[in-house]
Structure formats: structure tokens, C-alpha cells
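J.: Next come the chains, spelled out residue by residue.
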Amino acid sequence: MLSELFADGKFVITSEVAPPKGTDVAELLESAELLWPRVDAINITDQQSSVMRLGSLIVAKLLADRGMEPVFQLTCRDRNRIALQSDLLSAWTAGVKNVLCLTGDHVALGDFPDAKPVFDLDSVTLLEAARGLNCGQDLAGNELQGACEFCLGAVVTPEADPVELQIIKMEKKARAGAVFFQTQAVYDLDAFAAFMDRVRPLGVPVMAGIILLKSPGMARFMNRNVAGVRVPDALIDEMTQAEDRVATSIRIAGRLARGARELCQGVHIMPIGWEAHVPAVLDEAGL
Amino acid sequence: MLVTERKPIDELMGFLGEEKRVFLLGCDGCAAASGTGGEAELAQLTQELKDHGVAVVGRKVVEFLCQKALIRAALRPMEDEVDAADSVVVCTCGVGIQAAATVLDRPVHPACDTISLGGIRGEWQGEERCQECGQCFLDYTAGICPLTACAKQLVNGPCGGAKDGRCEVDPETSRCAWDVIYERLRAQGRLGLLRTDTVLRKDHAKMRPPAALRGTRRWAIDMREDTGEAR
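These protein sequences, in sequence, are chains B and D.
Position 63 (the first sequence) corresponds to 63 in the numbering used here; numbering is contiguous.
Start counting at 1 in the second sequence, then tack on 287, and there's your number in the numbering used here.
Bound-form chain B, shown alone:
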């Protein structure tokens, strides 16, 4: 369980896999096996970008069955409070111990823009519901026959503007039961250091998010289109001038992870297809 690692003062390393659109999990399991020897846990994304895929719960169970430590990502986009709580009970019963509670992207961003966006609960009330299940009660106060003992996490965007509003919600999430935070991608360590100075008093472990830059075009695309991501020009230049883009990408991600070690309590690496390069990133970071 991630909370035990934080309690031991370990610098926690996680990465993630994305379930396929379909039932063939061979490639996904290959990626997970490749990551597992080097990370403390593996997140499974919940139909990221609102694209309909295999569910994160069953994939979390597949990883748990193979002796890996999954972090079940759960969003409020597709399920009302009955389904969310039921899936949490299912997850605990399936041996899944870590849950990352998110609002989720809007359905308009995915391949079913005509779907009903649920958002019955939000990330704060989902955390409250999950914490209740840990205490043996559902959200309505009904007693459970068998409780959960989840380690609950949440997300925060350090580069959001206004960041104060993000921090206010982060505080709400911590009060609602989040015992660790993963961040949106961090590319500017000075800005991240300033963010950490503001949130350190909360006393909740923070894991810096790191997305591997694949090309200068990807960096510019994210700057234009991805909320809360800001790649500084210097990094875009570094990628532009790179003779070997993969090596440069690994060097940048490794540098960020090494820097994060001085500032927070862990890193969460989002490889987006470059799972095979994660070990090299960790080598570069000395992790």
C-alpha cells in the first residue's frame, strides 16, 4: 500500500498503463511487467480522455493477481454515487488497495460526446464516500458488512492559474481523505518548488507528475491544448536541437525526476506509450 511507503519515508515511484480499447490485454500486461521491477505501484487510467475502453477496475485486479501493486484510477464522469461506491467495494474485494479519485475529463473530449456526463459526485465527495467505506459506512450512513482499508489519493495541477483555487480544492481533498497527491506534468522545477513551498504545510505527500516529451511538436501541442501543462521554451529548444530525441527525452525526464527528489515525496511517470524507456529515465535520475 502506498501509504506505508510514504510513512517509511521512501521516495515513492509510480508509473501507469492505459487499458486498451478492446479485450486484448497482452500488450498492457507486457508494459506492466516491464515497469513493475522499477516502480512501487502502477496506475491504471479510467477511460482517459473520455475514450471508451476496458475498465480500470478489472485491469487493476489483473495486476494485483500477478503480484503487482495497482493504483485504481476512478473518475466521476461515468458513474453515479451508487456505482462509484459499488465499484470501490468490488475493488477492495478484488485485492486492490490504492485508489486515485478524480473528477474525470468531460465526455465532450472523447469518442462518445453524446453520452450523459454524470458527475453526480466530484473528486471531493468521491473521496468522502471512499473514506466512509474505509470506516464501514456508505455515503448515506448505512453500515457495511465488511469495510475497506483503501489508501486514497487525489490529483492537483501545480501550473493551474489561479493556483490558489487549485490549492483550496487540494486542501478540501486532503480534509476529505486524500493521503497522497499526484500532480499534472511538471516541467519547470523552480515553479514546482514555489508550489511545494505553498502546499508543504498540508503535510500530505506529493508525487511530481512527469510526462516523457517525445518531440518538440508534442511539447508545443501540450502548451496549446493541455490544461495545466507548461513546457518552458528551453526544454523545447533542447528537444529541437537533439540529435537523438529518445536519449534527450530520457535525459530531460531523468533530470526532472532527480530534481523532484529534493522537493517532494515521489514521482509519477506517465510514459504515454514509451513504457520501455521508463527504466532508463529512472537510471538517469538515480532512482
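Certain hints may be false.
[What the hints assert, rightly or not] Here are some of the chain B residues that sit facing chain D, going by a computed Cβ distance under 7 Å: (1) L34; (2) W36; (3) T103; (4) A108; (5) D122; (6) T125; (7) T157; (8) V163; (9) L165; (10) K169; (11) K172; (12) A227; (13) G228.
[Stated by the list, open to error] Per label pair, the in silico range of CB-to-CB distance: (14) D:D484 <-> B:A194: 35 to 43 Å; (15) D:K307 <-> B:A108: 27 to 35 Å; (16) B:A94 <-> D:E335: 47 to 55 Å.
Since the hints were derived computationally from the structure, they do not count as laboratory data.
Every residue gets a Cβ at the ideal spot worked out from N, C-alpha and C, and that includes glycine.
Here the structure of chain B is known, so what remains is to put chain D in place on it, guided by the hints.
T.: The following block gives chain D in isolation, referenced to the frame of chain B:
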């Protein structure tokens, strides 16, 4: 018609906190017909507030509170009274409360929950929309409705999807509602409102109009009072 119900006085007193001087705004349209926003109801609320130690420094029933131009015109001769109040308590539907909050640019508290559009739509020209949720959140959100202005209907703060203050769903035309809420509260020096321990949870059961209301003339104007059936 927008059918509204007065919030319990205790809930309203919770909104007021330390505020001891308020201005009351009513609406002579749907709210007056609902029995929540006419002169008689404002007089009654004045007494209830007085009983709880809150002074009403002025009150006005505006013809249609959903019309911002009418609010401006009605309150122009009453500027001193509005300025003398710590806040404004608005007795009308979610649209009127939002319109008042936009016009007045000062703390505005909802005195009513909006239950139903009732089939006939009041007319308004602004961008304020009301979901008829039956549990008006506008006190916590600076008079900007998080159910109609936020694509994800988030009531406890923003998601991580806004970029440069624009909503991820429609960045070309939509600002992030929480960005607007934040700016308004900051300008009013009321950011502390977001920092409270209160966690809001939507109660969809309140979206079903109360059964007690259904057999009334307020619910259906063409209902026979003797049999309770539609004419």
C-alpha cells in the same frame, strides 16, 4: 413560471454569518406568484430577520428580477440604502439571484430554492440559467450557478481541465465557471468563503418537486381547487 420556495430562516442565517444589516430584493414576477418574492413575503422576512437580530435597511420588489436593466433602474434611487447594507438577500428564482449578483457586485444571498420551471418559461435576456435543483448553491458561489455555468456541475471547486481560464468543453466560448466565481469572490474580498470546511453534495431527490406542492394552484394555475384535477 419559475416555482420557488423560501429557504428555512436557519439556513439563511447561516449564509449571513456576522452580517447584521441587509437589503431585501423581491420579484413581482414568478416569485410573487409563488408566494416567495412579493411585498407581503418581504415584509414577513423583514420581521423574521429582525427576530434573529438582523436589520433590514431597505427593500424593493422589482418588476422582473431576471431583467438586469430593471434591477438597475429600480435600485438607482435606493443606492444609499443598498450601500448601507452588508449584503443583499434575494427572494426569487436562481436566474433572478444570479442577475442581482451580477448587477450589484456585492455579496448576495439566495433566500429561495428554485423547484421548477413549471412549464412556462419566464423570459430573460441575460446568460444566467437556473437548473431548478431545489437546493440553491448560489450563496457559496458568489451568485454564479455551478450547475448551469460549469460543464461538470462541480460544486466544490474547479476540475483540472480549464486552460487560460477557458472551459475544456468549449474553450472558444465558455469561461471556466470557477474562474469567474474565484474572480468575483476575490474582488469582493470573500475568498474565505471557498476555504470553509463545508463540502457540498448534490441532492437529486430535491429536483423532484415536493408532493405537497403538486396539488396546489401555485403548481398548476388551471387546477380545480375543489377536486385537485386539471381543468
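J.: Taking the hints in turn, state whether each one holds.
T.: Okay, the hints, checked on the actual structure:
1. L34: Cβ of L34 (chain B) sits 28 Å from chain D, so the hint is violated.
2. W36: Violated, because the Cβ-Cβ distance from W36 (chain B) to chain D comes to roughly 28 Å (cut-off 7 Å).
3. T103: Holds: closest Cβ of chain D sits about 4 Å from T103 (chain B), inside 7 Å.
4. A108: holds (5 Å)
5. D122: With Cβ-Cβ at 5 Å, under 7 Å, it holds.
6. T125: holds (5 Å)
7. T157: Hint holds; T157 (chain B) Cβ to chain D Cβ min 4 Å, cut 7 Å.
8. V163: Violated, about 11 Å.
9. L165: holds (5 Å)
10. K169: Result: holds, 4 Å to nearest chain D Cβ.
11. K172: Holds. Min distance 6 Å.
12. A227: holds (4 Å)
13. G228: At about 5 Å, which falls below the 7 Å cut-off, the nearest Cβ of chain D leaves the hint on G228 (chain B) intact, so it holds.
14. D:D484 <-> B:A194: 35 to 43 Å: violated (27 Å)
15. D:K307 <-> B:A108: 27 to 35 Å: violated (45 Å)
16. B:A94 <-> D:E335: 47 to 55 Å: Holds, since A94 (chain B) and E335 (chain D) (Cβ atoms, about 54 Å apart) stay within the stated range.
Checked against the numbered hints given earlier, the structure breaks hints 1, 2, 8, 14, 15 and satisfies all the rest.
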